[in-house]
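Protein chains in written order, with my numbering: chain A, 1 to 439; chain B, 1 to 576.
Derived by calculation from the structure, the hints in this document are not laboratory data. Any given hint could turn out to be false.
[Said to hold, decoys possible] Calculated cross-link-like contacts (lysine to aspartate or glutamate; reagent style DMTMM-like; alpha-carbon spacing at most 25 Å):
1. A/Lys423 - B/Glu569
2. B/Lys270 - A/Glu98
3. A/Lys116 - B/Asp267
4. A/Lys216 - A/Glu398
5. A/Lys216 - A/Glu400
6. A/Lys304 - A/Asp335
7. A/Lys378 - A/Glu406
8. B/Lys268 - A/Glu131
9. A/Lys236 - A/Glu333
10. A/Lys236 - A/Glu174
11. A/Lys236 - A/Glu182
12. A/Lys304 - A/Glu174
13. A/Lys423 - A/Glu399
14. B/Lys270 - B/Glu349
15. B/Lys270 - A/Glu137
16. A/Lys304 - A/Glu256
17. A/Lys236 - A/Asp314
18. B/Lys268 - A/Glu98
19. A/Lys423 - A/Asp393
20. B/Lys270 - A/Glu131
21. B/Lys268 - A/Glu137
22. A/Lys304 - A/Glu238
23. B/Lys270 - B/Glu163
24. A/Lys354 - A/Asp295
25. A/Lys216 - A/Glu98
26. A/Lys136 - B/Asp286
27. A/Lys216 - B/Glu163
28. A/Lys136 - B/Asp267
29. A/Lys136 - B/Glu163
30. A/Lys116 - A/Glu131
31. B/Lys268 - B/Glu307
32. A/Lys236 - A/Glu256
33. A/Lys216 - A/Glu291
34. A/Lys116 - B/Glu299
35. A/Lys216 - A/Asp314
36. A/Lys116 - B/Asp286
37. B/Lys268 - A/Asp128
38. A/Lys136 - B/Glu166
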Amino acid sequence: MGETIIQARQVEKFYAQPNGNRIQVIAPTDLEIRSGEILAVLGPSGSGKSTLLRMLTGLAAPSAGEVLWHGRPVGAEPPNVSIVFQSFALFPWLTVLENVEAPLKARAVDPVARRKRAIRMLDAVGLDGFEAAYPKELSGGMKQRVGFARALVVEPEVLFMDEPFSALDVLTAENLRNELLELWQRQSMPTRAVFLVTHNIEEAVLLADRVVVLGKNPGRIRTDLQVPLPHPRDKKSEPFQNLVDYIYTVLTRPDEAPAKAPSGRPEAAAPAPRYPMLPHARPGGVAGLLEMLEDRGGRSDISKLAEDLGFAIDELLPIVDAAALLGFATVAEGDVEMTAAGREFAAADILSRKDLFRRAAFHNVALLRQITRALATKRDHSIPDEFFHDILDEHFSEEETVRQLETAITWGRFAELFDHDAKERRFYLPEEAAEVDRA
Amino acid sequence: MIRLPLLGRSVSSEGARSALYDGLVFCAIFAAFSVVLLIGRYWMAAPMPAAHISRSPGMLPLYSLYSLVRIAIAYVLSLVFAVGYGYLAAYNRRLQPFLIALLDILQSIPVLSFLPGVMLAMVSLFPGHQIGIELGAIVLIFTGQVWNMAFSFYSSLRSIPRELREASRIFGFSAWQRFFQLELPYGAIGLVWNSMVSVAGGWFFLMACEMFVLGNRDFRLPGLGSYLQTAASAGDTGAMLWGLTAMIGVIVLLDQAVWRPVIAWSDKFKFEQVESAHTSGSPMLDLLRRSRVLEVCQERVVAPLWELLGRHFAQRRGREDKHRPGPYGRIAAVLAGVLVLAVLAWGGEHAFRLLRGLGRADIGLTMRAAGVTFLRVAAALAIASLWTIPAGVAIGFHPRLARIAQPLSQIAASVPATALFPVLLLAIVNAGGGLGVGSILLMLLGTQWYILFNVIAGAIAIPSDLKEAASLFRFGTLDRWRTLILPGIFPYLVTGLVTASGGAWNASIVAEYFHFQGRILSTVGLGAVISSATDSGRFDTLLLATIVMAALVVGVNRLVWRPLYRLAETRYKLET
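Working from the sequences, and respecting the hints, build out all of it.
Spelled out as structure tokens, the structure:
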């Protein structure tokens, strides 16, 4: 591999709490972007993929550690990089041409040269004839083409992409991916490296020379592997499928050190998370998953399941995690399998399901147990949010704390363990439970 | 064969039309130039000791022009200030909480109670020139209209999507480019709508300013407001009708020639990913867009100049990155802070000494007056709600009715209430009534429209499937109102009531105390206390009453409207 362009040395991101605690978003991490490679970063939501991208581009400063650009710290001078954004981030009041010209304008390129370069770039991405259109007149795929043209027109040394295809439909995304690969392989752009953030495993294996898998809580590198397959890559081929399965296995077992990759070497492993985290899934989603599994004889490959459902891994994993946490399923080797409790749940009617869910939740989920017990001990069976908020605050970021509580409320309501009053911002035991308790 | 001549004709008519547009634009430029000359000559002239306001309708075009120029200058000042203030509040983390709190309070202070102070200050600043009184009026309109614009721009800046902001950073936009390609476009729509509201409020204050008399000093300014007041004082119905016609004419003209084109133009700043079916059009904007002269101007002069400026800032940014600003900036900031604190301390001390001179009787009287005005404002809001809620819902639910009623009510609402005061007073006096009840009527005049328009908007926003569900389940009238209509319009109603109550407090200053036909009409009330203290130069009472009024408005906002707002946002928000 080529020389190192960007190097992150022990970068980390944390938020200091007023009480002296730290919310660690990204643990100290080393990462290099080398010339000539497409580097893909994969990870569940909350693993700090986007934060990492922002630190590497100089958009966000790391809390500790440093990012070097050709050996010199970024910040001293802006690195020559561009970003393609998930939401396209086009200026809706500028025409396609003006959007692509904007970065050149910022570099004080004179108007004639600016126009010429912008038009040439628009041609390269297949947008000739659309110069005078406004972004809102274009389809999603066309908008992202403008996003690519705008990013490439400044001839960045490293092109960063933040889930560039995830807002597009499947076919458009596939088409754009291939065109990007073509531009890259023809070396028709002066860009020397590409950094791609994605949650789509196939996309990563299809495009990247190197895949870095992140874990969460805190975000950290779990494995860093080479993809030695030659282009064009065949998605149906066995080596391709093996790599995809391997990465699925790594992602679905967040608490285990990754096994050796089928072709590549794991580089890093990190400590287990400290406080059990509720996966953000709804009880209805868990029930749906279990019914689906029952139809498939109680066991299925997770990647197969995701593909059949048209889900991204990010969307399916929390549901699988939830089923596993509740003891309704187990996860092994990239497969998910129902347990006896899971079979019982899938076969039950709605009322018994609530019973089973209540028992499983109370038994397996620490946060729900804590809330229920705390409510039972209070005389008026009611406790303000703040109380649990403060407990969770010790372990999670503000945003995650709120999401944890929201999920706990959804589960607690379904299980009829407790209820929540959004106006008063208090948890309380439902009447029945409270009365039983008093008697 | 047949097509060719047709094509030819259409081309030639296109050319002729384009020349016509150019002619029109030329005329407009010349007209603007002579207006500037005219105004300049008038401003530099010696002040008129006691303004003589003619009642001849022939003077109306000139008077309208004077009023318009005042509004325009105050508006431009407001726009510049609002953008600067919003910018500072959004980006200066240390100043932000202070600036936002200040905004909240300044929005609630009854501007009209500053009228005397501002007038006296401006006249002494420019002795011997008409410009002093003019500036007083302009400053006053400015303080009345700037705050909501500033707040709108501030909140636009705060809500710019993160990725757009990051794009402008990663591509290295200079502050200049960021402002014109990201921040200003993003805030444009909010600024346009708030500008319309502000200018409507500006007319309200301008009318009051133009009629202003302080004790035996006559500060009246030649304009539409003073014309109407003079006409009503003299009981000249003909002149009154002329004045009102001119007023409505000016407002309709402004709507067609300024706001419609601006709204149509600002359509492109809508932050949407998909083109909406409905777009607003404006013939005036089409005219400007088709003008050859403007096009050439844009290509030859504006665009190159703009380019030069943009490049200057882009190059400067490249150089600036290398060395960061030194400690001087911080020292200057600290010094400025100390200076502001010193001025505040001095002012506070001065005010405190003024207030200490007040007797208990004065304070008691002011408090009683405050109570009376409070009840009057409440009554005005209640009466306004009583008729506007059913009317608004009826208009909102029946598109055919809306097509007739909406333009009519818009015209009615656009006439500033203060312009109608003299006319209405004449009627009250002739009917033998006093200001006690009459002032409620006057408050109602200005404030009911806010409620009406908001209720109409709320009724339109109720989804039709909810309405259909209500019919399907055969809701009775009472149930329909209780479960569908009232909750549906609630957030809009609250917004309308907040604006209306602010307007009513402000109106009380003009409505409870009035110079009319050579005598003073007044009633008990906080507004009357403010006005009479102004008249007799009792600045201690004026200060006390102003503070009481501001405290009341802020207090009601915090204790009544804000909780209702929160309720509206959490419970009664209809999300699609």
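> Which numbered hints turn out to be false for this structure?
Replying inline: Violated: hints 3, 14, 25, 32, 33 and 36.
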